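**Student:** Next come the chains, spelled out residue by residue.
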Amino acid sequence: DAGVTQSPTHLIKTRGQQVTLRCSPKSGHDTVSWYQQALGQGPQFIFQYYEEEERQRGNFPDRFSGHQFPNYSSELNVNALLLGDSALYLCASSLVGRDGYTFGSGTRLTVV
Amino acid sequence: AQSVSQHNHHVILSEAASLELGCNYSYGGTVNLFWYVQYPGQHLQLLLKYFSGDPLVKGIKGFEAEFIKSKFSFNLRKPSVQWSDTAEYFCAVNERTSGTYKYIFGTGTRLKVLA
Chain A
1 DAGVTQSPTH LIKTRGQQVT LRCSPKSGHD TVSWYQQALG QGPQFIFQYY
51 EEEERQRGNF PDRFSGHQFP NYSSELNVNA LLLGDSALYL CASSLVGRDG
101 YTFGSGTRLT VV
Chain B
1 AQSVSQHNHH VILSEAASLE LGCNYSYGGT VNLFWYVQYP GQHLQLLLKY
51 FSGDPLVKGI KGFEAEFIKS KFSFNLRKPS VQWSDTAEYF CAVNERTSGT
101 YKYIFGTGTR LKVLA
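Chain order of the listed sequences is A and B.
All residue numbers in the first sequence are consecutive under our numbering, ending with 112.
All residue numbers in the second sequence are consecutive under our numbering, ending with 115.
Quick caveat, the hints were computed from the structure, so don't treat them as lab data.
These numbers come from a predicted model, not from an experiment.
Every residue gets a Cβ at the ideal spot worked out from N, C-alpha and C, and that includes glycine.
Be a bit skeptical, because a hint or two may be false.
Said to hold, decoys possible - Here are the in silico distance ranges between beta carbons for each label pair: (1) B/Gln42 / A/Ala38: 14 to 22 angstroms; (2) B/Glu64 / A/Thr5: 28 to 36 angstroms; (3) B/Gln42 / A/Val96: 21 to 29 angstroms; (4) B/His10 / A/Asn71: 36 to 44 angstroms.
Just chain B, same shape as in the assembly (with noise of 0.2 angstroms):
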């Protein structure tokens, strides 16, 4: 089975600071990747996604990630974060079974910017 490790559970950063997420799977074979952001008191929301193609992903919001396959890795990247940027960060993998997907998460990162 897959699994998604997440190494920073807790960063707390300044704003205009740089941002780099950790994000490590398990699965060797072809994969689906995703960063989900959580606002506090909202609903997951997909930051971006990698599916095939350029490993630099750009996605919403100023935020990019970089797929390393030979590393299993998908770290999140954000040049310089605002204090809106505050929320928990979950990196995530998808797993097709019988034509239908699954997600499976890594356990999140709490993030908070000091205004």
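Extracted from the complex, chain A is given alone in its bound form (with noise of 0.2 angstroms):
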């Protein structure tokens, strides 16, 4: 058991759409991190949120967004997917200030 969950595990969507990915931190964790891994790559930060605003963002177009909500969860969701969206989504939350992070299994994303 991961302490993270996310979900969904697996999703397929079409060109053009618009996509939400969801993300319950470890219990006692604040702080939810988003990564982007495509295949054969290292995860790529997207973006962090802590009490409910964006902290830190890499270098992902607008079109990718988040939100966090009271209860320390958030989502990710991203407009208009291009064909290169197609990636595995991992979350992981934290504590702010300390460096722990515990990841989640991940959404697999296709995009057709």
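Quick one: dock chain against chain with the hints and give me the complex.
**Tutor:** Structure follows, in structure tokens:
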């Protein structure tokens, strides 16, 4: 059990559509980070949320947006999907100011 | 910006062989270094981490890594691999900005251990 729950586990979408991925952090964690892991690549940082605000952002276009709720859970939204958005999307939770991450098992997004 | 390089993309070993996976990072300041493992279909798991102190770090499942500051390296080693070590291994550094951390990962090394 990873402690971080992501849903759904797999998703197939068509180019141009929009998608929402969900993450519930490990109990006691208040910070959620999202990563994109394309095939054959390491995870790439998308953004991080703390206190319901985006605190850091990686090199991803505005089509990628997120949200954090009062219960610390988070959503990742991707608009106008491209074929290149096909990847494993990982959520990681942590406690602010601490560097210990716990990763979820990810959502496998396939854009056709 | 920091970057992490893993030189071996695919490694194939027989059981009981010794393993060394290379990792180099770009940042010249104080770094925290990590090795993560991802077994097929599973989430990323922390193998070991280095913050400070003894540059030889021991992790779970018999893995260890050595931090060599002069070489900007943090290589992962295991004296004798098992079939169950078949997985993808990621080296990472973390970067602190405004009180929060983000991780920068290498591209990973896919290890296959033959029984």
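**Student:** Is it true that the C-beta distance of B/Gln42 to A/Val96 lies inside 21 to 29 angstroms, as the hint says?
**Tutor:** 27 angstroms, holds
**Student:** Would you say the C-beta atoms of B/His10 and A/Asn71 sit inside 36 to 44 angstroms of each other?
**Tutor:** Given about 42 angstroms between the Cβ atoms, the range holds.
**Student:** Is it true that the C-beta distance of B/Gln42 to A/Ala38 lies inside 14 to 22 angstroms, as the hint says?
**Tutor:** Roughly 18 angstroms apart at Cβ, these two residues keep to the hinted range, so it holds.
**Student:** Using the C-beta atoms of B/Glu64 and A/Thr5, is the stated range 28 to 36 angstroms upheld?
**Tutor:** Holds - the Cβ-Cβ distance for B/Glu64 and A/Thr5, about 32 angstroms, lies within 28 to 36 angstroms.
In terms of the numbered hints stated before, the structure departs from none.
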